[in-house]
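Heads up: the sequence lines are chains A and B, in that order. Read in this note's numbering, the first sequence has 146 at position 136, and its numbers run on one by one without any break. Read in this note's numbering, the second sequence has 193 at position 162, and its numbers run on one by one without any break.
Please note that a few of the clues may not be correct.
Unchecked claim - Distance condition first, Cα-Cα at most 30 Å in a straight line; then the derived BS3-like pairs of lysine-lysine:
#, chain 1, residue 1, chain 2, residue 2
1, A, Lys154, B, Lys90
2, A, Lys95, A, Lys285
3, A, Lys285, A, Lys335
4, A, Lys337, A, Lys178
5, A, Lys161, A, Lys178
6, A, Lys154, B, Lys226
7, B, Lys94, B, Lys226
8, B, Lys53, A, Lys93
9, B, Lys226, B, Lys215
10, A, Lys95, B, Lys261
11, A, Lys93, A, Lys285
12, A, Lys335, A, Lys178
13, B, Lys184, B, Lys261
14, A, Lys93, B, Lys226
15, A, Lys201, A, Lys285
16, B, Lys215, A, Lys335
17, A, Lys98, A, Lys343
18, A, Lys276, A, Lys337
19, A, Lys285, A, Lys343
20, A, Lys276, A, Lys95
21, A, Lys161, B, Lys261
Claimed, not checked - Going by beta-carbon spacing under 8 Å, a handful of chain B positions derived as facing chain A:
#, residue
22, Thr216
23, Ser220
24, Leu223
25, Pro224
26, Lys226
27, Tyr227
28, Val229
What the hints assert, rightly or not - Pulled a few chain A residues facing chain B out of the computed Cβ check, cut under 10 Å:
#, residue
29, Thr131
30, Gly134
31, Cys169
32, Tyr222
33, Pro224
34, Ile226
35, Gln244
Source of the hints: derived by calculation from the structure; they are not laboratory data. Backbone N, C-alpha and C define an ideal beta-carbon position, used for all residues, glycine too.
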Amino acid sequence: MDTVVLEGATHKKAGPGSVPGVPAPPVKRPKAKKAKKAVVFFEVEILDAKTKDKLCFLDKVRPLHKYYPQWYAARQSIRLDPKGKSLKDEDVLQHLPVGTTATFYFRDLGAQISWVTVFLTEYGGPLLLYLMFYFRVPFIYAPKYDFTTSKHWVVHLACMCHSFHYLKRLLETLFVHRFSHGTMPLRNIFKNCTYYWGFAAWMAYYINHPLYTPPIHYYINHPLYTPPTIYGEQQVRIALVIFLFCQVGNFSIHIALRNLRPPGSKTRKIPYPTKNPFTWIFLLVSCPNYTYELGSWFGFTLMTQCLPVAFFTAVGFIQMTVWAKGKHRSYLKEFRDYPPLRSPILPFVL
Amino acid sequence: MASTEEDGSVEEKENNNKKRTKSAIAVAWLTFYNIAMTAGWLVLAIAMMRFYIQKGTHKGLYKSIARTLKFFQTIALVEVVHCAIGIVRTSVIVTGVQVCSRIFMVWFITNSIKQIQNEESVILFLAVWTFTEITRYSFYTFNLLNHLPYFIKWARYNMFIIMYPLGVAGELLTIYTALPYVRKTGMLSVRLPNKYNVSFDYYYFLVIVMLSYIPLFPQLYFHMLRQRRKVLLGEIIVEKDE
Numbered sequence: 011m012d013t014v015v016l017e018g019a020t021h022k023k024a025g026p027g028s029v030p031g032v033p034a035p036p037v038k039r040p041k042a043k044k045a046k047k048a049v050v051f052f053e054v055e056i057l058d059a060k061t062k063d064k065l066c067f068l069d070k071v072r073p074l075h076k077y078y079p080q081w082y083a084a085r086q087s088i089r090l091d092p093k094g095k096s097l098k099d100e101d102v103l104q105h106l107p108v109g110t111t112a113t114f115y116f117r118d119l120g121a122q123i124s125w126v127t128v129f130l131t132e133y134g135g136p137l138l139l140y141l142m143f144y145f146r147v148p149f150i151y152a153p154k155y156d157f158t159t160s161k162h163w164v165v166h167l168a169c170m171c172h173s174f175h176y177l178k179r180l181l182e183t184l185f186v187h188r189f190s191h192g193t194m195p196l197r198n199i200f201k202n203c204t205y206y207w208g209f210a211a212w213m214a215y216y217i218n219h220p221l222y223t224p225p226i227h228y229y230i231n232h233p234l235y236t237p238p239t240i241y242g243e244q245q246v247r248i249a250l251v252i253f254l255f256c257q258v259g260n261f262s263i264h265i266a267l268r269n270l271r272p273p274g275s276k277t278r279k280i281p282y283p284t285k286n287p288f289t290w291i292f293l294l295v296s297c298p299n300y301t302y303e304l305g306s307w308f309g310f311t312l313m314t315q316c317l318p319v320a321f322f323t324a325v326g327f328i329q330m331t332v333w334a335k336g337k338h339r340s341y342l343k344e345f346r347d348y349p350p351l352r353s354p355i356l357p358f359v360l
Numbered sequence: 032m033a034s035t036e037e038d039g040s041v042e043e044k045e046n047n048n049k050k051r052t053k054s055a056i057a058v059a060w061l062t063f064y065n066i067a068m069t070a071g072w073l074v075l076a077i078a079m080m081r082f083y084i085q086k087g088t089h090k091g092l093y094k095s096i097a098r099t100l101k102f103f104q105t106i107a108l109v110e111v112v113h114c115a116i117g118i119v120r121t122s123v124i125v126t127g128v129q130v131c132s133r134i135f136m137v138w139f140i141t142n143s144i145k146q147i148q149n150e151e152s153v154i155l156f157l158a159v160w161t162f163t164e165i166t167r168y169s170f171y172t173f174n175l176l177n178h179l180p181y182f183i184k185w186a187r188y189n190m191f192i193i194m195y196p197l198g199v200a201g202e203l204l205t206i207y208t209a210l211p212y213v214r215k216t217g218m219l220s221v222r223l224p225n226k227y228n229v230s231f232d233y234y235y236f237l238v239i240v241m242l243s244y245i246p247l248f249p250q251l252y253f254h255m256l257r258q259r260r261k262v263l264l265g266e267i268i269v270e271k272d273e
């Protein structure tokens with residue numbers, strides 16, 4: 011990662027001396043920190059690109075992490091007010107509400123880890139764990155079941171769906187998503203992995219259990235009636251359709267969101283429906299990726315008829331609703347002309 | 032952990048200012064509620080002492096106060112609502128966790144597992160709870176009436192130092208004593224195979240609950256110690272915020 015400071019947009023580079031900046035006033039963001047040490051400083055002049063007039067002169071500027079090497083750029087939060095919001099990389103000194111001398115406040119965000127790393131780890135775990143349960147690796151179930159496979163076809167179908175889902179997520183992380191922030195706090199990887207891996211193991215345990223009960227179509231409701239082993243094929247079929255539909259939908263939304271933002275940029279735009287019918291849901295919902303995700307897991311719950319899966323779906327729904335509401339609110343704040351018909355996650359409802 | 036001490040003390044101080052602007056109905060209701068709860072737990076305390084003095088033993092004591100205990104401890108759920116609607120400035124989650132752990136002890140341990148009702152550990156945590164709740168509710172009452180005697184404030188922020196560990200000890204011992212009976216009866220447990228493909232073993236659940244005291248109790252205890260330093264000693268503690 012670029013060492014800090016005097017970067018921001020691509021052409022702005024650190025260094026002493028003048029800056030033949032590209033767009034009209036080239037600016038730097040100095041990292042003047044509230045520190046007690048005195049060290050060697052650079053001087054920076056900022057000159058106008060055309061006339062070479064000296065626009066300003068910054069002395070005592072040096073990348074923060076030269077003083078404090080453990081505070082690499084991703085960990086730095088620089089702000090104008092100790093309790094305020096962090097300045098962004100793209101912020102330009104000239105546009106900040108500072109006078110002739112500027113004081114910035116530094117906060118250490120703690121150890122950081124890249125989003126890509128976190129995503130790959132948290133999605134790779136469920137993929138592998140589920141397969142371990144599916145293949146009935148030893149020490150999970152009773153020894154006589156080691157390396158056997160379930161006799162129910164829905165169990166095989168569920169394994170394919172689950173694995174497909176997480177493979178899709180891994181591939182999207184590598185090739186589709188464009189991340190606004192490069193990193194997140196390190197502690198998140200433990201929290202997230204516990205959540206994903208824990209739930210994956212819990213669900214997989216029951217679905218692949220030798221005593222698993224697939225959806226059954228009861229013809230008669232009498233408690234003493236034992237139904238023939240005809241599976242609730244209807245239920246599983248419907249569930250599969252829902253699942254696949256939502257997987258395609260979710261993927262379409264990710265592609266649409268990716269195309270909103272040219273590579274390397276951090277522009278923010280309102281997403282709109284495209285030619286792909288799966289994106290038409292943008293007319294009614296701000297975060298249809300979450301809507302489709304909920305639908306996928308609902309389908310999976312229906313397919314497996316497993317209470318832990320229902321539980322996972324419910325928890326995910328709550329979390330995604332919180333995120334969707336937050337995103338919806340920030341869309342409304344940022345864009346005056348945001349379509350009023352849209353709800354955060356469920357059309358008209360939530 | 033269930034020997035509640037809410038962490039709302041600093042909020043309570045600010046509360047004093049905010050309550051004046053709070054609706055009169057809210058203040059009236061809260062005052063009534065806290066007086067009622069103080070009275071309820073006083074009744075419990077007196078009933079317990081009377082039983083012991085008259086009978087000379089603690090056997091049968093739980094049974095004699097069970098209904099009153101269940102009533103007043105369950106009513107405490109309303110405190111979660113107070114936080115949710117904002118008339119009490121404490122986190123819903125913290126209050127929720129504390130009330131739920133009390134409800135859990137009362138309904139899912141002592142009420143359901145008859146064989147442990149005469150254990151000494153039950154008397155221990157009951158005594159701690161009654162003492163703590165009387166102190167807590169009278170603290171809130173006097174706060175609301177803006178006439179807080181120092182000894183109540185002192186009690187609230189000092190007695191927990193021994194009460195809290197004692198209460199935890201009582202609860203843990205009780206759960207531990209209950210384990211064999213849970214295992215034998217298989218109560219509240221669900222086995223495979225079943226239509227919903229889930230299983231639940233109450234025995235192991237209880238073991239996990241006991242283990243969870245290990246990380247949780249120190250956190251709550253030190254939190255109370257910090258609150259104490261702020262409120263009683265006026266120390267300014269810089270929180271390590273995120």
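Practice task
Using 10 Å as the Cβ threshold, decide whether Gly134/A counts as touching chain B.
Solution key: violated (25 Å)
Exercise for the section: Assess, step by step, whether the Cα of Lys276/A is no farther than 30 Å from the Cα of Lys337/A, and give holds or violated. Expected result: Judged against 30 Å, a Cα distance of about 16 Å means the pair holds.
Practice task
Would you mind confirming whether the straight-line C-alpha gap from Lys95/A to Lys261/B stays at or under 30 Å?
Solution key: Between Lys95/A and Lys261/B the Cα gap is close to 28 Å, so the pair holds against 30 Å.
Exercise for the section: Have a go at the Thr216/B hint: is there a Cβ in chain A nearer than 8 Å to its own Cβ? Expected result: violated (22 Å)
Handout entry: Given pair status - Lys226/B, Lys154/A, alpha carbons within 30 Å
Key = holds (23 Å)
Handout entry: Interface hint for Gln244/A, Cβ within 10 Å of any Cβ on chain B
Key = Nearest chain B Cβ about 16 Å off; hint violated.
Handout entry: Status of the hint placing Pro224/B at chain A (closest C-beta pair under 8 Å)
Key = At 4 Å from the nearest chain A Cβ, Pro224/B passes the 8 Å test, so the hint holds.
Handout entry: 30 Å Cα cutoff - pair Lys226/B, Lys215/B
Key = holds (24 Å)
Problem - Supplied contact hint for Ile226/A, tested at 10 Å Cβ to chain B - result: holds (8 Å)
Problem - Per-residue hint verdict: Tyr227/B, partner chain A, C-beta under 8 Å - result: holds (4 Å)
Problem - Agreement of Lys98/A and Lys343/A with the hint, judged by alpha carbon distance not exceeding 30 Å - result: holds (18 Å)
Practice task
Starting from Lys337/A, check that the Cα of Lys178/A is at most 30 Å away, please.
Solution key: holds (23 Å)
Checked against the numbered hints given earlier, the structure breaks hints 1, 2, 7, 11, 14, 15, 16, 21, 22, 23, 29, 30, 31, 35 and satisfies all the rest.
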